[in-house]
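J.: Chain by chain, the residues:
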Amino acid sequence: MKFKALTAIAALMVAAPALTFADPDDDTLTINGEEMVTKAPLPAHLEDSLLPEIMSGWHFRNDDTQAMEMDDFDNPGMLAVEDAMVAWDTVEGTEGKSCASCHESAEDSMKGVRAVYPKWNEEAGEVRTLAMQINHCRTENMGAEAYKYDSGPMAAMEALIAVQSRGMPVNVAIDGPVAETWEQGKEMYYTRFGQLDLSCASCHEENYGNMIRADHLSQGQVNGFPTYRLKNARLNTVHGRFFGCIRDTRAESFAPGSPEFVALELYVASRGNGLSVEGPSVRN
Amino acid sequence: MKLATLTLAATLVAGVAAAADAVAPGDVEFDEYGAVATSLTGQPGDPAEGEKVMTNRGLGNCVACHQANVLEYAQFLGNVGPSLDGVADRWNEAELRGILVNAKKTYEGTVMPAYYKVDGFTRPGNAYTGKAADDSFGPLLTAQQVEDVIAFLGTLKEE
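First to last, the protein sequences are chains Y and E. Read in order, the letters of the first sequence correspond to residues 1 to 284 in the UniProt record's numbering. Read in order, the letters of the second sequence correspond to residues 1 to 159 in the UniProt record's numbering.
This is chain E alone, in the form it adopts within the complex (with noise of 0.2 Å):
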């Protein structure tokens, strides 16, 4: 029993540490193209974690707009949005950095979500139920999540 309560201490500590040691939504700062400079981590992404997020309809789901040739295997790719084929000859890490948190400051009125963003939405809602977001509402990725998909992102090269 002591020993258990001691386990769970020890994991609230390390989460803690993990979400005090990320930026915060609200603090990302980006450059004036929308480009954001500075890791969200301090950690390197990992890449095979990247594109399980952006496979997976209930992470990113990257491929419901996005194709990209090595991801065909996930079947009913979209095409929303560009392939993502040679994504990284065409932007550098800090300007992907920037497109996955908000978009919107690289390209004007985009519909790409904002994924690591959490206030200034009309009726934010509680996931897919339709009902009003609660205190659980929080940014669509993580931190990590979002540097993993950058460093995934950064293997889709052609040149």
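Here chain Y stands alone, though its shape is the one from the complex (with noise of 0.2 Å):
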């Protein structure tokens, strides 16, 4: 038994060399000219896990992709945010009212919000994330239809409430009423799921760095959310992603704004506490 670990992990050193072409990059972003904080010491709460430090995807994307990050008029993203500035203005439902009518312009009223979602709603007595909250607000202050929970109307209406958090450093709460979630959440952050028997810490703290076929695993942090693919040219929602992520290891999924991801929600976004909300991220 010692005898063939020990060969195994000889191979593995004489692998090793060849494989640091695929490390993350050391580049700095600046989105319209402010750097961000792409890289930043390890939450207290991650201290036992493997990762050294924790980092954003945008480093583990190649020099085009993360050009198209960084000034707005590069970014496709920023097309949807531009139909969401005129989604906030526009009066739907049986009340009669817009966003705007009760939170006046988002480029105030909506600064810092999306660096602390999810969160805690004391009212409801729910962890809420943002798109739960931009449900909400449809459903009950200005009596609209829900938006689909992963469609691009609401990925579009979360890109424009990202971007007035843009450099902020993320900072999601762990603790008091939400710890419960937390716990759930990160239970299921190292569960292996499916036939292929993948937790997400396989991919993304295990080997991010590493290359799976032509993907180049990140950390799979949630801070530039939502992220304009350019594999499917529109952007992404965060449950959109686990789903993908969970389908992928050949196991029955979770739908999205189900209790289960809005709880790995939680704790995947708590794991990029410190880094700078990005959003909307360029990635392929």
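Among these hints, one or two may not hold up.
From the structure, some residues in chain E lie toward chain Y, with a derived Cβ separation under 7 Å [unchecked claim]:
{"hint": "1", "residue": "F121"}
{"hint": "2", "residue": "G130"}
{"hint": "3", "residue": "L156"}
Below, a list of computed lysine-lysine pairs in the DSBU-like style, where the Cα atoms sit at most 35 Å apart [said to hold, decoys possible]:
{"hint": "4", "chain 1": "E", "residue 1": "K157", "chain 2": "E", "residue 2": "K117"}
{"hint": "5", "chain 1": "E", "residue 1": "K131", "chain 2": "E", "residue 2": "K117"}
{"hint": "6", "chain 1": "E", "residue 1": "K105", "chain 2": "Y", "residue 2": "K186"}
{"hint": "7", "chain 1": "Y", "residue 1": "K231", "chain 2": "E", "residue 2": "K117"}
{"hint": "8", "chain 1": "E", "residue 1": "K157", "chain 2": "Y", "residue 2": "K186"}
{"hint": "9", "chain 1": "E", "residue 1": "K104", "chain 2": "Y", "residue 2": "K186"}
{"hint": "10", "chain 1": "E", "residue 1": "K52", "chain 2": "Y", "residue 2": "K231"}
{"hint": "11", "chain 1": "Y", "residue 1": "K231", "chain 2": "E", "residue 2": "K157"}
{"hint": "12", "chain 1": "Y", "residue 1": "K186", "chain 2": "Y", "residue 2": "K97"}
{"hint": "13", "chain 1": "Y", "residue 1": "K111", "chain 2": "Y", "residue 2": "K231"}
{"hint": "14", "chain 1": "Y", "residue 1": "K119", "chain 2": "E", "residue 2": "K131"}
{"hint": "15", "chain 1": "Y", "residue 1": "K148", "chain 2": "E", "residue 2": "K157"}
{"hint": "16", "chain 1": "E", "residue 1": "K131", "chain 2": "Y", "residue 2": "K186"}
Simulated restraints on C-beta separations [said to hold, decoys possible]:
{"hint": "17", "chain 1": "Y", "residue 1": "E183", "chain 2": "E", "residue 2": "G26", "range": "51 to 59 Å"}
{"hint": "18", "chain 1": "E", "residue 1": "D119", "chain 2": "Y", "residue 2": "G152", "range": "47 to 55 Å"}
{"hint": "19", "chain 1": "Y", "residue 1": "D25", "chain 2": "E", "residue 2": "G120", "range": "37 to 45 Å"}
{"hint": "20", "chain 1": "E", "residue 1": "E72", "chain 2": "Y", "residue 2": "G152", "range": "36 to 44 Å"}
{"hint": "21", "chain 1": "Y", "residue 1": "A179", "chain 2": "E", "residue 2": "G120", "range": "40 to 48 Å"}
{"hint": "22", "chain 1": "Y", "residue 1": "E140", "chain 2": "E", "residue 2": "F30", "range": "56 to 64 Å"}
{"hint": "23", "chain 1": "E", "residue 1": "G120", "chain 2": "Y", "residue 2": "W120", "range": "33 to 41 Å"}
{"hint": "24", "chain 1": "Y", "residue 1": "A124", "chain 2": "E", "residue 2": "G86", "range": "57 to 65 Å"}
{"hint": "25", "chain 1": "E", "residue 1": "G86", "chain 2": "Y", "residue 2": "D48", "range": "44 to 52 Å"}
{"hint": "26", "chain 1": "Y", "residue 1": "H136", "chain 2": "E", "residue 2": "E29", "range": "55 to 63 Å"}
{"hint": "27", "chain 1": "E", "residue 1": "G26", "chain 2": "Y", "residue 2": "A255", "range": "27 to 35 Å"}
None of these hints come from the bench; they were simulated from the model. Glycine is no exception: its CB is placed at the ideal position from the N, C-alpha and C atoms.
These two chains come separately, so use the hints to put the complex back together.
T.: The structure is reproduced here in structure tokens:
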């Protein structure tokens, strides 16, 4: 047994030097000239993880994709933000209201919001994602229909709200009333799903920086969401990404907006505490 | 019509016979180091077929995680697992079979999937649909495909 393990370790060590080409880079991300924090010290609650520090997914993309995120004129995700600016001012529903009726200008009222979600809603007694809060406003305050959880209009509205927190550090609370949900999310993060028997950590903690076929594995951070993906040429939501990653383990995935994904989002978001809000980011 | 039915019946019998010969996923016996001495099919594997299984996305897709010089043509070889160059110098056939059937018996906690196993999964799905598994659920590779891959790995020698 010992002997076999040693042989395997020797094999791994021989292979190692060739692998460094896939490491995350050391470039600096500025968006419209403003510098972002894309590498940050490990949050205290990740001390027993394998990560030495936390890193934005931006470092794992190639130079061309990286450049698209550095200027809003090059960022295709900003077109959706423009759509959402129109939606912000559009009266919908039985109450004759728009978002602006209650919140006036998004630039002022939404500053800092993205950075602290998901968060506890005292009145409702629940953990709310940004998408849940947007839909709560639509159904309860506007008398309008809820957006489909991971639809284009939802992603666009999330992007408009994210932009107002650009460069602010993610700062999601993990204790007090959310502690139980956070623990549930943590357990999911380390659960090996599907026939391939892989957890989030199998790919994004144990193997970030490595290549899985043509994909350069990042830490799976959500500070850049919603993300404009070149692959499907639209904005993608956090739960859309979670759905795809679990599906790719040959598992029965969870539904966007499900309690499981809300808990997972709270936990994953907290793994990015200290990174700048980057949304809408550009990925491949 | 009669003839067609007969041919079909013959094919069915052949199918059943092949399956009956193979060791079922639940019946595979491992030694204490995770090796599997007995061939799953009793038939020698075909290395050319094994190579296809390793590079094909819809089959083994081993190259998602592993590199080997002779497989470079398949492009974008991953590096989550070690390079398989010289792997036959490091492991014998029984050990390779064990790693393929269920790598966790050789490497505790490894991320390498078990290719000939059907139980013990959390929320197993119907391939890559995101939906729950149905009656068509089976091991990732057939017994013969596992033997074919072992035959191919046997050709990866450096010494």
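J.: Please work out if Y:K111 and Y:K231 have their alpha carbons no farther apart than 35 Å.
T.: 30 Å, holds
J.: Need the status of pair E:K105, Y:K186: alpha-carbon distance at most 35 Å?
T.: It holds: about 26 Å lies between the C-alpha atoms, which stays within 35 Å.
J.: At the C-beta level, are Y:E183 and E:G26 separated by a distance inside 51 to 59 Å?
T.: 35 Å, violated
J.: Should the hint that E:G120 and Y:W120 are 33 to 41 Å apart at their CB atoms be regarded as holding?
T.: For Y:W120 against E:G120, whose Cβ atoms are near 37 Å apart, the range 33 to 41 Å holds.
J.: Would you say the C-beta atoms of Y:A179 and E:G120 sit inside 40 to 48 Å of each other?
T.: Given range 40 to 48 Å: violated, Cβ gap about 31 Å.
J.: Mind checking the hinted window 47 to 55 Å against the Cβ distance between E:D119 and Y:G152?
T.: Violated, at about 40 Å.
J.: Would you check the hint for Y:K231 and E:K117, treating anything up to 35 Å between C-alpha atoms as holding?
T.: Measuring from Cα to Cα gives roughly 33 Å; hence the hint holds.
J.: Does the beta carbon distance between E:G86 and Y:D48 stay inside 44 to 52 Å, or does it fall outside?
T.: 36 Å, violated
J.: Please work out if Y:K119 and E:K131 have their alpha carbons no farther apart than 35 Å.
T.: 30 Å, holds
J.: Between E:G26 and Y:A255, is the Cβ distance one that fits in 27 to 35 Å?
T.: 32 Å, holds
J.: Between the alpha carbons of E:K131 and E:K117, is the straight-line distance 35 Å or under?
T.: 19 Å, holds
J.: Within 56 to 64 Å: is that where the Cβ-Cβ distance between Y:E140 and E:F30 falls?
T.: 58 Å, holds
Going through the hint list in order, the structure does not satisfy hints 3, 8, 11, 12, 15, 17, 18, 21 and 25.
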